[in-house]
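Peer 1: For reference, each letter of the sequence shown is one residue, going 5 to 481 in the working numbering.
Be aware that one or more of the hints could be misleading.
Simulated pairs of lysine-lysine, DSS-like, Cα-Cα distance not exceeding 27 angstroms [said to hold, decoys possible]: (1) K132 - K212; (2) K359 - K423; (3) K302 - K423.
Here are the computed distance ranges between Cβ atoms for each label pair [claimed, not checked]: (4) R167 - A69: 26 to 34 angstroms; (5) N321 - A148: 42 to 50 angstroms; (6) A51 - E183: 20 to 28 angstroms.
No wet-lab data here; the hints were simulated from the structure.
Quick caveat, the model's predicted, so the values are computed rather than measured.
Glycine residues also receive a C-beta, built at the ideal position from the N, C-alpha and C atoms.
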Amino acid sequence: MALSKWLLMMIAHPNEVPILLQYYIYHKPKRDITAKQEHPTSGWDRASMRRCWEFLDAAGRSYSAVIKELEGELARVVCLFYLVLRALDTIEDDMTLPLAVKQRLLCDFHIHSRTPGWAFNESGPDEKDRQLLVEYPVVVAELADLAPGYRDAILAIAEKMGRGMADVVARDESSPYLETIADYDLYCHHVAGLVGEGLSLLFAASGKESPDLASQLELSNNMGLLFQKTNIIRDFAEDADQGRFFWPREIWGKDKYGGGFARAEDMRARPIIAKGSSTEVELEQRALHVLSAMSVFKFVAIPATMALATLELCFMNPKVFRQNVKIRKAMAASLIMRSTSAREVAHIFREYARKIHARARPEDPNFIRIGIACGKIEQWCEHHYPSFLHFSSDRNDKRNSEAIDPTDARGAMFLASEKEEYERTQAVHVRRVSGELGGEEPVIRKGRVGDGAMQGIVIYAAVGLLAVVYWVLRVPH
C-alpha cells in the first residue's frame, strides 16, 4: 500500500492499522511456487504454465493467493480449473456475441479445451479477460499434461457448466429476469454449484481428502451457491447498470418477501432487504467439518468467512442498490488470520449471524425466517463446539488447554455431574476395600499407616526372617 493510503487510514480508520501491520509482518505465504524445489509441482519452469499463473493473478489476487497455498500439484490443478471456468464465464458475459455463436461456444467448450492450438479472438474489446481466450492454447497445453483423473474431472464440469450457461443465455433473450426461486437456484447451480462439485472431485482425486468427498454432491453444490448468491447481492448495482438481474421476480415482485415491485430496477428507489440463504451457510459449516487437509480447509474456509462478512455488510444496507459494497481490507486480513480451525470458523459464522439477527426488524415480513436461519447457525455451532468449553491459546500449556466455565448453567451442571460421579466411584471403592477386610473400614491417618497395612508389613517381615534363617542353616560352615 502507498504511504498516502496508510496516512489516510490512520486518520479515517485508526483501528485497522494494527490489524494490517500484523498481517503484513507475520502472515507469510506458506509456499513460493517460483522456488526451484516447487517447479515439479507448480510447473513454473514451463513458459505455458507461467503464463497461466499470470492469468490467475490478473483475474483476482485474492483467489490467486488462496490457490497458491494449496499443497503439491493441487495448486496447479485448481489454477487450470479456475482458468477454464473463467474463460467460460467470459463467453457467457460477452454481450457483443450473437446468441447462436455464444450457445455453440458454450456447449462445445469442453471439446475446444482438448483441441491443441484452439483460441478465440472475437470477444468484445471491453471484456476484462479477453486475452485469456486469445492465449487459450497455453491452458489447453497444460490441461493435456495433467493426470487423466484431474483432466477428466475438469472437462466434465466444463461440459455441464457450458450447457447450463447456454440455457441461461437463451432465457435472457426472452426476458431479463428470472421468474422463480427455483430458477434462481438452478442458475446458481450451473455457474457456481458445479464449481463446488468439481473442487470436491479434485480434492478427492489428489488423495488429500477422503474419496467419499467426491460423492457429497449436496455439500459441494451448496458451497458454490453460498459464494454465488453473496456475489449477486453484493454486485446488484453493477449488474443493474449493465441490464442484468439475477434476483427472481418471486422475491422482488411479491409482498411476501417485502417486494411488490413491477420491475427489478425499481428496487433502487425503495430497496428491500438484501438477503442470503441460510441453507447454504448451514451446509457450508458441515462441508468445512469434513475436510482434513489444512491447506484444503483454508482454501474453502477463508472465502466462506468473507462471504458471511459480506452478507452481514449487505444486510439492511441501502447502499447495495446504488454501489458495489465490499468488506474492508483490514476485515479481510483479520478473517484470513483467524480462519485456522473448524472451531474458530464456526465462531466467526456465529459472530456474523448474531450481527445479522440484531439488525432484523419485527415489521419485516422475513423477520421470523431470519431468526430461524440465524438460530440454525447458532445451534450447529453450539452442538459441535459448546460455548461453555474454553481452550487456552497457549499451545505449550498442556494442563490447562481446556477449561469449563462454571458460571454457565450447562458448565455448572457438567461439573456437578462430574463431582457426583467421582463421589459415587469413591464410595464403591471404599465398600469394595471394606468387604475385603472383613467388614472393617480401612483406617488411614495422616502420618500413620493403617492397621491393615501394618499387618501386611509384619507378614512380609516374618517371611523374610524365615528365609534368612533357612539360608543360614543350609550354608555349610
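Peer 1: Next, verify each hint and record whether it holds.
Peer 2: Now the hints, each set against the structure:
no., hint, result
1, K132 - K212, "violated (34 angstroms)"
2, K359 - K423, "violated (37 angstroms)"
3, K302 - K423, "violated (40 angstroms)"
4, R167 - A69: 26 to 34 angstroms, "holds (32 angstroms)"
5, N321 - A148: 42 to 50 angstroms, "holds (47 angstroms)"
6, A51 - E183: 20 to 28 angstroms, "violated (48 angstroms)"
Violation of the numbered hints given earlier is confined to hints 1, 2, 3 and 6; the remaining hints are satisfied by the structure.
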